[in-house]
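J.: Here are the chains, one letter per residue:
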Amino acid sequence: MSVSLPHAVAVWRRNAAIYKRTWLWNILPNFFEPVFYLVAIGVGLGAYITQMGGTSYISFLAPALVSVAAMHGASFEVTYNVYVRLTFEKAYDAMLTTPIEPDDILAGEVLWAVTRSSIYGGTFFIVVALAGLAPLPSSLLVLPLVPLTGLLFALIGMAFSLRIPTIDLFSYYFTLFLTPLFLLSGVFFPLEERLSEGWLWVAEILPLLHPVRLARAAFRGEASLVVLWDLAYLLGMSFLLVVLARRGVQRRLTD
Amino acid sequence: MIVDARSISKRFGNRLAVDQLNLQVPAGTCFGLLGPNGAGKTTTLRMIYGVTKPSSGTILVFGSDIARHLRAVRSRLGVTLQHNVLIEQLTPVENLRVFGRYHLLRHADLSRRIEELIELFELRSHAQVPVKNLSGGFKRRLAIALSLINRPELVILDEPTTGLDPAVRLALWSRIRTLQAAGTTVLLTTHYMDEAQRLCDQVAIMCGGKIIDEGVPAELIASRLARETVEFDCDSAEEAALLDGAGAFPRRLRSGRRIMLYLDDATTLINHIRRWDQGDRRALVVRPTNLEDLFLSLTGTSLENDL
Chain A
1 MSVSLPHAVA VWRRNAAIYK RTWLWNILPN FFEPVFYLVA IGVGLGAYIT QMGGTSYISF
61 LAPALVSVAA MHGASFEVTY NVYVRLTFEK AYDAMLTTPI EPDDILAGEV LWAVTRSSIY
121 GGTFFIVVAL AGLAPLPSSL LVLPLVPLTG LLFALIGMAF SLRIPTIDLF SYYFTLFLTP
181 LFLLSGVFFP LEERLSEGWL WVAEILPLLH PVRLARAAFR GEASLVVLWD LAYLLGMSFL
241 LVVLARRGVQ RRLTD
Chain B
1 MIVDARSISK RFGNRLAVDQ LNLQVPAGTC FGLLGPNGAG KTTTLRMIYG VTKPSSGTIL
61 VFGSDIARHL RAVRSRLGVT LQHNVLIEQL TPVENLRVFG RYHLLRHADL SRRIEELIEL
121 FELRSHAQVP VKNLSGGFKR RLAIALSLIN RPELVILDEP TTGLDPAVRL ALWSRIRTLQ
181 AAGTTVLLTT HYMDEAQRLC DQVAIMCGGK IIDEGVPAEL IASRLARETV EFDCDSAEEA
241 ALLDGAGAFP RRLRSGRRIM LYLDDATTLI NHIRRWDQGD RRALVVRPTN LEDLFLSLTG
301 TSLENDL
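Chains A and B supply the protein sequences, listed in that same order.
Numbering follows our numbering, in which position 67 of the first sequence is assigned residue number 67; successive positions increment by one, without gaps.
Numbering follows our numbering, in which position 89 of the second sequence is assigned residue number 89; successive positions increment by one, without gaps.
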């Protein structure tokens with residue numbers, strides 16, 4: 001069993017064909033969301049905070065929110081949407097009557113989630129740049145980080161979605177996993193100023209922490225050794241999750 | 001043989017869904033797998049196109065071991081699933097295009113094939129309408145058209161006409177005959193015996209994961225039962241008295257109050273019953289014996305009852 005790229009692309013194109021019908025309605029909220037965040041938290045809350053992490057609060061927040069957008073873009077796709085295709089639409093049952101194999105479905109779906117995450121993160125970046133919060137050209141380095149972030153969260157979501165018996169469990173995924181990640185991964189405050197040394201080590205396990213740190217480094221235009229660790233985490237963890245998700249897709253789609 | 005399955009079994013936990021089944025489908029035939037819900041028909045089909053792995057046994061499709069040549073075998077067959085799997089937001093043409101890409105068909109070839117299928121299944125009038133606005137009959141036609149996108153040599157249809165109205169069923173049957181006339185091998189499951197009788201050159205009757213009889217429909221019926229069936233309501237208490245002196249019957253079956261008698265010439269029996277009824281004539285049905293009767297005689301179960 002091995003993945004065939006042309007077949008994976010055929011799966012990707014299925015989703016793209018549907019998205020093409022509604023892309024305008026789909027993409028509009030992606031523009032509004034960053035505006036609300038930047039206005040409410042950056043400008044509103046930020047007015048009471050003179051500086052954070054060595055910069056204005058809104059500049060501290062902006063790059064991290066690009067990573068969060070990438071995380072959410074991928075997560076919605078591989079949770080509810082994949083589950084609906086799997087159990088209600090039975091799209092995968094139909095694919096498996098053709099030369100497409102479970103690995104191709106996994107690859108195609110992950111590729112599509114990375115695409116959605118890039119659209120989501122990309123529009124967020126455009127808004128941030130238009131607001132003058134993205135120092136150019138260094139902040140452009142965040143653009144290749146967006147699909148990498150999407151890949152990690154696409155795989156986490158796939159591994160989860162392929163194992164759960166009912167759609168109701170996604171509310172746990174969102175409220176007990178994504179929301180705490182969003183709040184506690186250094187997006188809103190610098191962990192290194194609030195946690196003791198020991199807890200900082202523990203925090204390194206948080207998957208959103210690394211894309212957030214990388215996005216900040218890109219916006220600042222400074223690299224350090226930590227960047228290498230963060231990249232290694234993104235790639236290494238993605239690799240491990242591929243193994244897990246492949247097992248899940250085999251078990252769920254064939255018997 | 002297009003399909004050659006040898007003593008395949010499938011176990012799900014404690015349940016044996018398919019039990020040591022042998023199935024040979026010759027090229028160019030329409031082969032029907034019959035049986036009630038839960039007989040193991042769909043599991044058998046899933047093993048033939050390689051999604052379900054048999055717990056034991058081997059399956060050759062086009063002479064290749066399905067377990068080892070999955071992609072190659074699947075590129076030469078088409079499957080219509082029991083439930084329509086269509087993309088509701090897209091039009092029939094778009095659905096066909098998406099499905100053609102699963103087979104890696106090139107753009108020009110795919111467009112040509114889509115045209116042919118739109119024509120064959122008379123989908124032209126609604127070719128550009130989102131599938132969600134189509135009727136059940138249209139959807140089913142499209143679902144079958146999808147499974148033909150790769151010009152398959154073997155078409156597998158899982159209950160192709162379940163839930164469709166009679167006119168749509170007739171239209172689909174004629175499409176299936178057209179396919180077969182063009183040399184395609186058809187393997188279908190159904191629990192409609194009339195469908196099997198009209199379409200299939202050969203049938204295998206499944207029950208409890210096993211094939212309990214197989215052959216040419218007319219020959220099966222002739223060998224097990226008789227040509228004509230007389231069917232009427234009668235209590236078991238009345239039965240012995242009523243049929244006393246009416247002659248000998250090779251087979252007789254009962255389902256609730258309904259009794260069915262199989263014989264080659266029904267005339268004597270009908271006259272006998274009319275005399276017995278003495279003017280208070282009960283409703284008698286005289287009809288050709290069909291696969292439904294055969295199934296009943298083989299299993300003692302009516303098809304309407306799930307196993």
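These aren't lab readings, by the way, just hints derived from the structure by calculation.
Positions of the beta carbon are idealized from the N, C-alpha and C atoms, including for glycine.
Check each hint, because a few of them may be wrong.
As the list claims (entries may be wrong) - Across the chosen pairs, the derived CB separations fall in these ranges: (1) B/258 - A/250: 26 to 36 Å; (2) A/176 - B/55: 45 to 55 Å; (3) B/135 - A/189: 37 to 47 Å; (4) B/109 - A/250: 49 to 59 Å; (5) A/88 - B/182: 42 to 52 Å; (6) B/55 - A/231: 19 to 29 Å; (7) A/88 - B/37: 20 to 30 Å; (8) B/182 - A/235: 27 to 37 Å; (9) A/231 - B/182: 40 to 50 Å; (10) A/44 - B/89: 55 to 65 Å; (11) A/168 - B/122: 49 to 59 Å; (12) B/89 - A/222: 38 to 48 Å.
J.: Run every hint past the structure and note whether it holds.
T.: Do the hints match the structure? See the list:
1. B/258 - A/250: 26 to 36 Å: The hinted range 26 to 36 Å is violated for residue 258 of chain B and residue 250 of chain A, with Cβ atoms some 49 Å apart.
2. A/176 - B/55: 45 to 55 Å: Once the Cβ atoms are compared, 38 Å apart, the range 45 to 55 Å for residue 55 of chain B and residue 176 of chain A is violated.
3. B/135 - A/189: 37 to 47 Å: 58 Å, violated
4. B/109 - A/250: 49 to 59 Å: 32 Å, violated
5. A/88 - B/182: 42 to 52 Å: With a Cβ separation near 35 Å, residue 88 of chain A and residue 182 of chain B fall outside 42 to 52 Å, so the hint is violated.
6. B/55 - A/231: 19 to 29 Å: Violated, at about 45 Å.
7. A/88 - B/37: 20 to 30 Å: With Cβ atoms ~21 Å apart, the hint holds.
8. B/182 - A/235: 27 to 37 Å: Given a distance of about 52 Å, which is not inside 27 to 37 Å, the answer is violated.
9. A/231 - B/182: 40 to 50 Å: 57 Å, violated
10. A/44 - B/89: 55 to 65 Å: 39 Å, violated
11. A/168 - B/122: 49 to 59 Å: 42 Å, violated
12. B/89 - A/222: 38 to 48 Å: Since residue 89 of chain B and residue 222 of chain A have Cβ atoms about 46 Å apart, the given range 38 to 48 Å holds.
In this structure, the earlier hints numbered 1, 2, 3, 4, 5, 6, 8, 9, 10 and 11 are contradicted, and the remaining ones agree with it.
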